Amino acid sequence: MTSESDQLAYIASQAADARVNVEVETDEGMTLNLGPQHPATHGTLRIIAKLDGEKVIAAEPIMGYMHRGYEKLTEVRTYPQVTTLINRIDWLGSFANEVPFILAAEQLMEVEAPPRAQWIRTILFELSRIANVCLFLGDMAVQIGATTPVFYAFRDREFVLNQIERVTGGRFHPNFDRIGGLKDDLPKGWIEETRGALKRMEAFCDEMEELVLGNEIFQARTRGIGTIPGDVALAYGLSGANLRASGVDWDIRRDANVGLVYDQVDWKVWTHPDGDSFARFWVRLQETREACKIIDQLLGTIPSGPIMAKVPRIIKVPPGEAYVATENPLGEMGFYVVSKGDLTPFRVKIRSASFSNMSIAPWVLKDVFVPDIISILASLYFILGDIDR
Amino acid sequence: MIDLLALSPAWWQETFLIKVPIGLLAVLLPAGTIVYLYLFKAISFMQSRLGPMEAGPYGSLQLLAEVGKWIQKEDIFPSKADKFVFAAAPFVVLMSTFLLVVIIPAGPDALFVDLDAGIYFAMAVSSVSVIGILMAGWSSANKYSLLGGIRAAGQLIAYELPLILAVVGVVIQAGTMNMQGIVLAQAEGEIFGWGGIGNPFILTQFIGFVIFMIAVQAELTQAPFDMPVAESELVTGYLTEYSGIRFLLFFIGEFASAGVFSAIAAVLFFGGWYVPGIDPASQIFNVIGPLILAGKMMVIAFLIFWFRFTFPRFREDQLQRLAWKFLIPLSLANIALTGVLKVAA
Amino acid sequence: MSQLPGILKGLKVTFKTMIKTLFPGGLLKPIPKPSEGALTVQYPHVKEAPPPRARGVIALHEGNCTACMLCARECPDWCIYIEGHKELAPPRREGGKPRQVNALDRFDIDFSLCMFCGICVEVCPFDALFWTPEYEFSELKLADLLHDKERLGEWMETVPDFEEYEDGSEQKVRKVPPS
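Chains as they are written, first to last, in the working numbering: chain A, 1 to 389; chain B, 1 to 345; chain C, 1 to 179.
Just so you know, the hints here were simulated from the structure itself, not pulled from any lab data.
No experiment lies behind these values; they were computed from the predicted model shown.
Misleading hints may appear alongside valid ones.
What the hints assert, rightly or not - Listed below are the simulated EDC-like cross-link pairs for lysine to aspartate or glutamate, each with C-alpha atoms no more than 20 Å apart in a straight line:
{"#": "1", "chain 1": "C", "residue 1": "Lys9", "chain 2": "A", "residue 2": "Glu216"}
{"#": "2", "chain 1": "A", "residue 1": "Lys183", "chain 2": "C", "residue 2": "Asp161"}
{"#": "3", "chain 1": "A", "residue 1": "Lys310", "chain 2": "A", "residue 2": "Glu110"}
To be verified - To give a feel for the contact side, a few chain C residues facing chain A, derived at Cβ under 8 Å:
{"#": "4", "residue": "Thr14"}
{"#": "5", "residue": "Leu39"}
{"#": "6", "residue": "Val46"}
{"#": "7", "residue": "Pro50"}
{"#": "8", "residue": "Glu74"}
{"#": "9", "residue": "Pro76"}
{"#": "10", "residue": "Ser112"}
{"#": "11", "residue": "Cys117"}
{"#": "12", "residue": "Gly118"}
{"#": "13", "residue": "Ile119"}
{"#": "14", "residue": "Glu122"}
{"#": "15", "residue": "Gln171"}
{"#": "16", "residue": "Lys175"}
We treat Cβ as the ideally placed atom computed from N, Cα and C, and that holds for glycine.
The task is simple: from the sequences and hints, build the whole structure.
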């Protein structure tokens, strides 16, 4: 490809693929491209929908517009550097991304973090869950059309982010988990401030319940829309709140003990039998409240002790493979780490929750109206960084 | 007021030098105030933020800055667009708004035209904006705009009927379609024999008022009826391909319509330029009448925007169901009840 | 009040927020002061102070640096450029041997590449790199985001003292060397 016209032709052919409006009239109906640039999708997701008037006949998501090559990147980064990078997979609840990777590496190194580190790790994990789901609550409202709840969501989320910043130094990318413990300990006064932030969060949940959940228009838009029965959800690999909203009682925090301290806390798993968009919103709202309760209990019982186990300065993980999955805010996120004894992992496979959650999109987007596409996708809640990695 | 100044202008002077500029001002000034006070400021306070603060003291000149910004943008025509229709659509919408303001009375003598079929003319003219929106949606050569335009046409036509039927209740009670007559009927009416505050139709026509406000919300394509302009789905619906001055014209049309419909609601249900305590025929109303009307209009416009920023939006089939199966039977019942009570009383 | 339809309760929420923003002193003092009631921080008139641990920019204490290259090696973006040379320093006591020390020629951090991850600060064995919460260093030219040794030394003045830890912690508070 040497001449300029050749290069331009190449670029044009690539760009044609991402054109916003694909005018293909087939016998089956009009094709509408909810293209990569669109206010409704949380990033660059493309949905090709075949419409018959306003009813959807078939819809297909095209992912990959945000692929950043994480699994290849991790092959040439040392373990602390990988921790930095994987913050950015699910960028809203970013501490939660580090946890399964660090737990897998700790399993390979046969090192256990001291109890204080495990406690604080769980607290930060739940805080990132609150930060993530709080945005979902406002965001789903804005996809349905109410413009005010999202401002309340951002406003009250700031308090949680401030607390994360006080500990880790970064609001969005904490980069705080280390193999064997955490990077640093809590600053003075953090526990009291976090309790204040949690109170704000609980007030926010009550506001959301009055403003959005109880609203008849919201209920008319979401009840009975996008119903996913429990067995279909399991078959497609849904996880997280999507699965629990279809009535399946599955929560990795309770069922698999992976190094976080959920067995020390008195908490409840919320499920909803309906499986429609309303149920997904409802389950996540209750989970936010539950997370506040969990953190409140944990804050009162942090044990004293060191924050880091004895690990060598230069971390070389012994050869082996380990898979650890945790209940991230988006669903089940798992890291399969293969190590050959080097400074860098040999292969890291990331099982991201949103990728599997999106696989149900063609099944659930049949015989719905165009506005329902938006509301169903909003309730399934994906983040593009998580889908495409 | 023209008699006050002892002028006797010719017909063409009176229209083009006095009435047309005042008419333009009567449309644009409330639109601008509504946009600033409500869209920028009150809504921001509802959302716990401040709104524009930099342009002018407390952001009061933000609207001027926005107008300047829109004017200096490039006027883009999509290549496949139907040029004449694309260019004419904003003017059709704006024209219907300007014509609406013609029949609003602001005082016993301060009005533009005294039409005997005042409110009937207003309803007829407000339907013209549907054509403008359809023109915009069709001529943009864009699937999103087409979807938005067709949704808009369906919605606006469906909600014309509750609007008109709600007004019919007021007309029956007032006995006239003349806007000035409606104001005087409220000013001189009596509630169960007590003429203290006249008879504002909000008391007897409360259902009619609610239906009217819901229908106005739908006519302005504001949430919860803003499917045509659903920002999170269709980018901006039928406005997607408009930029620069043309978009500004649509924008002005939307907020001017909000102001004008609020003024019509103030006249129909709240007594217009009349406040109880002063004789309706006195000349003082020619001076303070416009201010009173503006105050009532602001209160009603606040309702429109408050609803807009609190509620999510309906899907179109739910919208249509609400209009045809609920609002129209309710307004017909309202008319029947009004007629019965008017004849019986 | 739970019998009200949900629509009206939603209206109550937004109206209450508007009143709370407009009259932050409560309705008993109806003076509209939205700048206090709203949660907006009107930057640049009002600047929020980030917490002391906030990762704003990196400062270099040149006296401690021995050009060991650990930070440059561990940086995930390879945005630290170090050049040094060995020189002979005078002996510590009379009659001793001259010592060989590493002297820094060049220590640049390219903040247009930096991910603000903190690995370099953490890994430095000699406490030569520190975080400061300064965040106002935007430039008009991309090349100006390469901070050289002098500029990094200037940031040392803004490094806050290390905070105390919560009760129950066994971490020791480190001291920031005077710049």
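Hints, one by one, checked against the model:
1. A C-alpha spacing of about 11 Å is found between Lys9 of chain C and Glu216 of chain A, which places the hinted pair at or below 20 Å, so the restraint holds.
2. Distance check on the hinted pair: Lys183 of chain A and Asp161 of chain C sit about 18 Å apart at the alpha-carbon level, within 20 Å; holds.
3. Only pairs whose Cα atoms come within 20 Å are accepted, and Lys310 of chain A paired with Glu110 of chain A is accepted, the gap being roughly 11 Å.
4. The beta carbon of Thr14 of chain C comes within 6 Å of a beta carbon in chain A, closer than 8 Å, and the hint placing it at the interface holds.
5. At a threshold of 8 Å, the smallest CB-CB gap from Leu39 of chain C to chain A is about 5 Å, leaving the interface hint in force.
6. Given the 8 Å rule on beta carbons, the hint for Val46 of chain C is violated: about 15 Å separates it from the nearest Cβ of chain A.
7. A hinted interface residue such as Pro50 of chain C counts as satisfied when its beta carbon comes closer than 8 Å to some beta carbon of chain A; here the least separation is about 7 Å, so the hint holds.
8. The interface hint given for Glu74 of chain C is met, as the beta carbon of that residue sits about 7 Å from the closest beta carbon of chain A, less than 8 Å.
9. Evaluation of the Pro76 of chain C hint against chain A yields a held restraint, the C-beta minimum of about 4 Å falling below 8 Å.
10. A distance limit of 8 Å between C-beta atoms decides the matter here; for Ser112 of chain C the minimum to chain A is near 17 Å, and the interface restraint is violated.
11. Evaluation of the Cys117 of chain C hint against chain A yields a held restraint, the C-beta minimum of about 4 Å falling below 8 Å.
12. Because the beta carbon of Gly118 of chain C sits about 6 Å from the nearest beta carbon in chain A, less than 8 Å, this interface hint is met.
13. Using the Cβ-Cβ criterion of 8 Å, the hint placing Ile119 of chain C at the interface with chain A is satisfied: the shortest such distance is roughly 5 Å.
14. Interface hint status for Glu122 of chain C: upheld, as the beta-carbon distance to the closest one in chain A is roughly 7 Å, under 8 Å.
15. Evaluation of the Gln171 of chain C hint against chain A yields a held restraint, the C-beta minimum of about 4 Å falling below 8 Å.
16. At its closest, the beta carbon of Lys175 of chain C sits 16 Å from a beta carbon of chain A; the interface hint therefore is violated under the 8 Å criterion.
Violation of the numbered hints given earlier is confined to hints 6, 10 and 16; the remaining hints are satisfied by the structure.
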